[in-house]
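Undergrad: What follows is the residue order along each chain.
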Amino acid sequence: MNKNLRWKVIVIVAVAALAVWSFTPPSRKVKLGLDLKGGVHFVLKVQTDDALRLETETSSEQLRERLKEAGIPVGTIKIDSLTGMTVEGIPPADEPRFRTLSAEQVELTYNRSPGVAGSHKYEMKPNIAVQRRTEAVTQAIQTIERRVNGLGVSEPVVAPYGTANDQIIVQLPGMTDVNRAKSIIGNPALLEIKLVEAGPMSDEKSLLTGSAGKVPDDMVVVPGVSGQKGDLTRMYYLVKRVATVTGREIRNASPTIDEYGTQAIKFSLNADGAAKFARATGENVGRQLAIILDNTVTSAPSIRERIAGGEANITGTFTQQEAMDLAMVLKSGALPASLTYLEERTVGPTLGEQSVRAGVIASLVGLGLVTVFMLMYYKLAGINAFVSVTLNLIILLGFMAYLGAAMTLPGIAGFILTIGMGVDSNVLIFERIREELAAKKGARQAVAAGFDRVFWTIVDTHVASLIAAAFLFQFGTGPIRGFATTLVFGLISNVFTAVFVSRTMFEWILSSRPAGSAQKLSI
Amino acid sequence: MRIFDNPNVNFMKWRWHALVLSLLVIGAGVATIVSRGGLPLGVDFSGGTVMQLKFTQPPNEDAIRTALAGEPVVQRFGDPANNEVLVRLPIMKGAEQGASLTEEAARVETTLRAANVGEFRVEKTDIVGPIIGEDLKKKGISATLLSLAGILAYIWFRFRLTFAIGAIAATLHDVLVTLVFLTWFGYDLSLNVVAALLTITGYSVNDTIVIFDRVRENQRSKSKEPLIDLVNRSVNQTLSRTLITAGTTFLAVLGLFLFGGEVLEGLAFTLLVGILTGTYSTIFIASAIAIVLSPRQGAAPARKS
Numbered sequence: 001m002n003k004n005l006r007w008k009v010i011v012i013v014a015v016a017a018l019a020v021w022s023f024t025p026p027s028r029k030v031k032l033g034l035d036l037k038g039g040v041h042f043v044l045k046v047q048t049d050d051a052l053r054l055e056t057e058t059s060s061e062q063l064r065e066r067l068k069e070a071g072i073p074v075g076t077i078k079i080d081s082l083t084g085m086t087v088e089g090i091p092p093a094d095e096p097r098f099r100t101l102s103a104e105q106v107e108l109t110y111n112r113s114p115g116v117a118g119s120h121k122y123e124m125k126p127n128i129a130v131q132r133r134t135e136a137v138t139q140a141i142q143t144i145e146r147r148v149n150g151l152g153v154s155e156p157v158v159a160p161y162g163t164a165n166d167q168i169i170v171q172l173p174g175m176t177d178v179n180r181a182k183s184i185i186g187n188p189a190l191l192e193i194k195l196v197e198a199g200p201m202s203d204e205k206s207l208l209t210g211s212a213g214k215v216p217d218d219m220v221v222v223p224g225v226s227g228q229k230g231d232l233t234r235m236y237y238l239v240k241r242v243a244t245v246t247g248r249e250i251r252n253a254s255p256t257i258d259e260y261g262t263q264a265i266k267f268s269l270n271a272d273g274a275a276k277f278a279r280a281t282g283e284n285v286g287r288q289l290a291i292i293l294d295n296t297v298t299s300a301p302s303i304r305e306r307i308a309g310g311e312a313n314i315t316g317t318f319t320q321q322e323a324m325d326l327a328m329v330l331k332s333g334a335l336p337a338s339l340t341y342l343e344e345r346t347v348g349p350t351l352g353e354q355s356v357r358a359g360v361i362a363s364l365v366g367l368g369l370v371t372v373f374m375l376m377y378y379k380l381a382g383i384n385a386f387v388s389v390t391l392n393l394i395i396l397l398g399f400m401a402y403l404g405a406a407m408t409l410p411g412i413a414g415f416i417l418t419i420g421m422g423v424d425s426n427v428l429i430f431e432r433i434r435e436e437l438a439a440k441k442g443a444r445q446a447v448a449a450g451f452d453r454v455f456w457t458i459v460d461t462h463v464a465s466l467i468a469a470a471f472l473f474q475f476g477t478g479p480i481r482g483f484a485t486t487l488v489f490g491l492i493s494n495v496f497t498a499v500f501v502s503r504t505m506f507e508w509i510l511s512s513r514p515a516g517s518a519q520k521l522s523i
Numbered sequence: 001m002r003i004f005d006n007p008n009v010n011f012m013k014w015r016w017h018a019l020v021l022s023l024l025v026i027g028a029g030v031a032t033i034v035s036r037g038g039l040p041l042g043v044d045f046s047g048g049t050v051m052q053l054k055f056t057q058p059p060n061e062d063a064i065r066t067a068l069a070g071e072p073v074v075q076r077f078g079d080p081a082n083n084e085v086l087v088r089l090p091i092m093k094g095a096e097q098g099a100s101l102t103e104e105a106a107r108v109e110t111t112l113r114a115a116n117v118g119e120f121r122v123e124k125t126d127i128v129g130p131i132i133g134e135d136l137k138k139k140g141i142s143a144t145l146l147s148l149a150g151i152l153a154y155i156w157f158r159f160r161l162t163f164a165i166g167a168i169a170a171t172l173h174d175v176l177v178t179l180v181f182l183t184w185f186g187y188d189l190s191l192n193v194v195a196a197l198l199t200i201t202g203y204s205v206n207d208t209i210v211i212f213d214r215v216r217e218n219q220r221s222k223s224k225e226p227l228i229d230l231v232n233r234s235v236n237q238t239l240s241r242t243l244i245t246a247g248t249t250f251l252a253v254l255g256l257f258l259f260g261g262e263v264l265e266g267l268a269f270t271l272l273v274g275i276l277t278g279t280y281s282t283i284f285i286a287s288a289i290a291i292v293l294s295p296r297q298g299a300a301p302a303r304k305s
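Line order of the protein sequences matches chains A and B. Residues in the first sequence are numbered from 1 upward in steps of one, following my numbering. Residues in the second sequence are numbered from 1 upward in steps of one, following my numbering.
Among the hints, erroneous ones may be present.
Chain A regions said to be covered by chain B (calculated; three or more residues, Cβ under 8 Å) [stated by the list, open to error]:
id, region
1, 32-46
2, 246-258
3, 331-344
4, 408-414
5, 461-473
Calculated from the structure, these hints are not laboratory results. Values in this document were obtained by computation on a predicted structure and should not be read as measured data. Every residue, glycine too, gets a C-beta built ideally from N, C-alpha and C.
Just chain A, same shape as in the assembly (with noise of 0.2 Å):
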């Protein structure tokens, strides 16, 4: 063997181990996609309205707050859309101090424009309203992802889907309780604690004969269950608007067994959250509190003292899972918008394992179908082919280890498609060299000039197949990207095994030959 040759083997063999090296073991380093282990696969839409909406009404609130504070009459203020109020009626002595205030308070995200009779119109920056859509999105990731770390499942994806700027996709490998999977993905969680000013009345008209029939503008109706033990019929409770303190200042939180022994939810405030709930409860003993978790009262217990720990108790009816699955989402903290589910997905894991098997089968099977015709056709050249097909399935499933990427079933696919590719360009070889040698040359030159001819030829149809493949890559992270995975990387092995690694095989043997004998090849 001479040094370039040697050279040649030592780098196939490298690779090839390389390749190996980095597949095994396959049950841990080869990732299986959510169609092959079982799972669901979720694309979502968050409803990014809600936190213009809700952006629009803590900002009325506030300037209301700040304006009754600094002895500002107000008319009223008006929300018109998502992202517009009017603020009416302020007394034109007043005028240049609520200019003044309003400049501090809300016109960093919103543009006013002044009207008649001492009328405000505020409309969100537009600038402002694209952030906010942003960071509801990605703050519905954060929240989405810790609760999925919550559930416990491995290598769970959470992630921007499309180009819509709005959808999330969300793939739980293993998790086959969907019902659960999407109470808790779902669960908007928003925890509010609110004082109560009325109620709990059973229809929501006796509880506003304390303020003429209408709801005051500070306050809002609110459903919930009368707090009694086992009492679940619907009561209203008319409750501030603004929240003492929400689900953002939760510390901690964990099921619990209540004075009555049955579940419920432990929760624990920061420092911030716990000061406020002190100071609200120590200025307001002997009225009720309501704790109201997606804009239902779960119960609403009279103050007696004031309460410095910041810990209080959510209680109603969980079954133990329900309140485990409410604490860890009321620790991932409360989602900034609704979502609502564009497409769902569940795989079986015994459906996965079958298809892994039929794959398997599928692939052996079109081995050896073509292997056995390479053998008949081509005789001991069809070795040559056998061997760098096989290697370059083996550097494929080594790049696939190396990348992370997910083995799906389509992607098995790849791999047969990848078994054809690879004879392709072994045949095209050796039907050149059968062509060389039929024009009587030497079984070397034939080789060398068989290699050199098809070489462009080889170049230009993997870069078609690849322009082909690469698109692929757009319809996102499902089985189709396991397609398009294997494809690629399989048609850039290919260009290896079938001119590097077939030449430096037909070298070898012929090398093993003293020169200038009759050169036979077995072809």
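Dock chain B against chain A, hints included.
TA: Same frame as chain A, but now just chain B:
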């Protein structure tokens, strides 16, 4: 062993017959597709709900169909011994997205459990909303067109425009013929099938490039030869390669079609048809169109290398 010894078939003589045959097949197929109101779209593109149910006992499709209101498609699926049934429901009227989108699957399950049609397990559920369906439809069309454009540009760069048009016409031909056969054999257009179609565009052009490369090479040695003879000679010289590779790829995919399971059946079928039509179009369509389009029949095809 070899299939041919120096084949010398005058393929180009048959080029008009081939074009007519192809047009007939595509025409008949398009007529079928139009008469059925479009391509049969799978749930990936049309949206809706598909559930794969595995029963413990041989299921009764009629009972399942009766139990479910609406217009479900209920059919046996895969190996009869597996007792599997596929239930497909269209997108609920008025259900754009959100919770209502996913209620269908839950409804099917509870209804069937209550209807006493036998014990079953839900193996797989696909629920696709209209937004995603539309999105995938657009992506499918754009991916196919863009890949054709990319290949056209590459062949133009490596060879010449008439050859590029010939290759793309042949590839487009293969995509159309494959779609026609998919319709005739009752396969729905799913994401997997579209992936296979894209693969076919790449594969089909491979064969064509091999012949064009040969034309270019032959043309260097005998540049006086008329293009039509040159092409014919090149097709003949590469004929055994064309047929063998088509045959081996076909064998490999055949294994997939027979043993790869139901999910990959549509994909494998698409590849099988694509390989056959790709081989045919390489020999008859690509070169024929390149010749027809070439301004002077004796002209040299390309100087680039």
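Undergrad: So, for every hint listed, does it hold in this structure?
TA: Evaluation of the provided hints:
1. 32-46: Check passed, 3 qualifying residues.
2. 246-258: Since 0 is below three, the answer is violated.
3. 331-344: holds (count 5)
4. 408-414: holds (count 4)
5. 461-473: holds (count 11)
The earlier numbered hint that this structure contradicts is number 2, and it is the only one.
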